[in-house]
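> Given next are the chains, with one letter for each unit.
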Amino acid sequence: MRRIAPLGLRTRLIAAFLLVAAISAGTTAALTYQQARNAILKQTQDTAVSTLRDQVEQQEVRLPLEQQELQRIVIELGKRGKPHPWIIFGEYGGTRVSTNPGTPTSTVITDSLRDRVRNNQYAAFQRVEDQRGNPWLTIGVPAVFEHNGYTEATGVVFYASVPLSTEKQTVEAMVEAAQQGAVPGLAIAVVPALLAARSVLRPVRDMRRAAQKLGRGRLDTRIEVRGADELAGLARTFNETARALEQSVRELQEAETRARRFASDVSHELRTPLAGMLAVTEVLDEDAARLDADTAKALHLVSAETGKLAVLVEDLMEISRFDARAAELNLDDVDIAEAVRKTLERRHWDDDRVVTELPDGVRARLDPRRFDVVLANLVGNALRHGGAPVHVTVSTASGGDGERLLIDVADSGPGIAPEVLPHIFDRFFKADAARTRSAGSGLGLAITLENVRLHGGTLRAGNRPEGGAFFTLDMPLEARA
Amino acid sequence: MTGRTTRSRATAAAAALTGCALLLAGCGIKRTGVIESGHAATVKVPGSKNAATLYFVSKDGDRVVPVPFSIGTDYMLAPVPLLRILLDGPTGPASAAGLTTALPKVSVSDADSERVAVSKYQPDKGITVGVPFPVAGLSDLARKQLVCTFGVSAVRDTVTPVAIQGTDTTLPATDCNPRR
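From first to last, the protein sequence lines are chains A and B.
Using our numbering, read the first sequence as starting at 1369 and increasing by one per residue.
Using our numbering, read the second sequence as starting at 2 and increasing by one per residue.
These aren't lab readings, by the way, just hints derived from the structure by calculation.
Treat the hints with caution; some may be incorrect.
Unchecked claim - Facing chain B, a subset of chain A residues (Cβ under 7 Å, in silico):
#1 Gln1427
#2 Gln1489
#3 Tyr1490
#4 Pro1510
#5 Leu1532
#6 Leu1822
Even glycine gets a Cβ: it sits at the ideal position worked out from N, Cα and C.
Please build the complete structure, drawing on both the sequences and the hints.
What follows is the structure, given as structure tokens:
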């Protein structure tokens, strides 16, 4: 029983759960992250732009602007960076100065930003990256003045470059937090996934076990119905089916039992009058010599048929006992060669019609009476339907569960027709359809098979390649009651 | 059945990949284009209130820049002195800041000053300024210096288009736009 198949229901349920959890966690994290990052950057940008504008507006620009004056203003502005310290660049015509006297022009301020703020009276910013990939915020604010009621460009533009390393760290920390939060989140999602899989799989598992039990013949198996979902409905249907099946089987069994009891009762009731009839016919048989020929012939016929009827009744009672499971083994230690020889002698088959091959010193534990019946039936059957000589071979073999006794009975007749072979052990089955009456009761092989089964063995019938039928008896050397 | 399963798996995989791609694409601080953000900074320029504003060529020679010229509060400079000062070119701090002029070095004699006249301001046409030298050969910057200086300073509280009437021809009226 595989509990977790490679792509079983449990695996698929857990995978689906994890996928849903991953998608929702990922989407939430991504959206939250984007919003937070944009908010952080927006705040930084807005603060920096408005701070630079405010600072510039507090300056007094004496036109025309000399380089020293521009330098003074730039240094003044450079002290007031917000939210981070910044680097200020001032441009007036061709004059370019910065807070850092070594580099009057910035490497991160792009020409597009410069063009935009020089040609428009608007402040502008741009996010750029330097050669090392660090993000910078560059801002350009042109200075204008009011003249004659109109704003007039002074020609002075101030630039600020603000490193965004703090924002970068914050953003990276958010990504890291999202990544570190996702793994435990997925791990936690496994728990409800397992619970959900369990709630689905437990009824399924119960149902499979119940179906297996039902298949093994435990028809009283029922499933506990939990809840009111589809699986509960399935369980209810299963229970109803099992109940109906149990009912049908019980009815069939009862009918069979009645039929068997009837056969048993009939044979039992026939036994007593038959015993009387047998006694009477025996007496009459003795006196037959004194009667005329026709009457004597009729009397012999009645006597013979009565004998056959008695055998039939005995066989019927025997098979009824098997059906009622009332047959018991009376085990005894016997020498097999001795037992076979005795059986053949008793039936007067110890002439050359039966050829035996008996190993000496093989002892078996079996029911001697039933063994006698089995062997007599097989040999008698072979003599009656097959032909002499009949070969009886006894051997032993070691099987999976101990030593086994093998007895082979082969005749030299025409063999068994293939269409008959499957039914050879059926009750009242006549191998020769034309012959409606036979010497046997028609129960001989059925009784033989039941006796062999009682010993825990098997009986097989077949045809030998060289002609003639064979029966192979295979049973444990040590039968158990 | 198999086809449907394969397709649904493919869809799921595509969705997962898209999610990952979105997640990765959103990371870090991305560079942007130039984004305009609010107005320019209005600075205080000493002496600019009601003063004449002269326009000279900036140090790198691509535009004209304003230089306020004031001799006292609330005093409008007459056209002749205004033109004279402009034609003299940058002096003192203006010269020190690297400003130049594109106008010819012409001294306006008293005889010529009759030609120097500013017509009456008409809101739709602006003003016409007469100058005592030929104007057809003037460079763009030189014309801008004249247009801006007179357009901003000749009429109080307004900026006007200026047409320039030289000794040879009259240039059509244009607005002051210090940038090229």
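> Of all the hints given earlier, name the ones this structure violates by number, lowest first.
6
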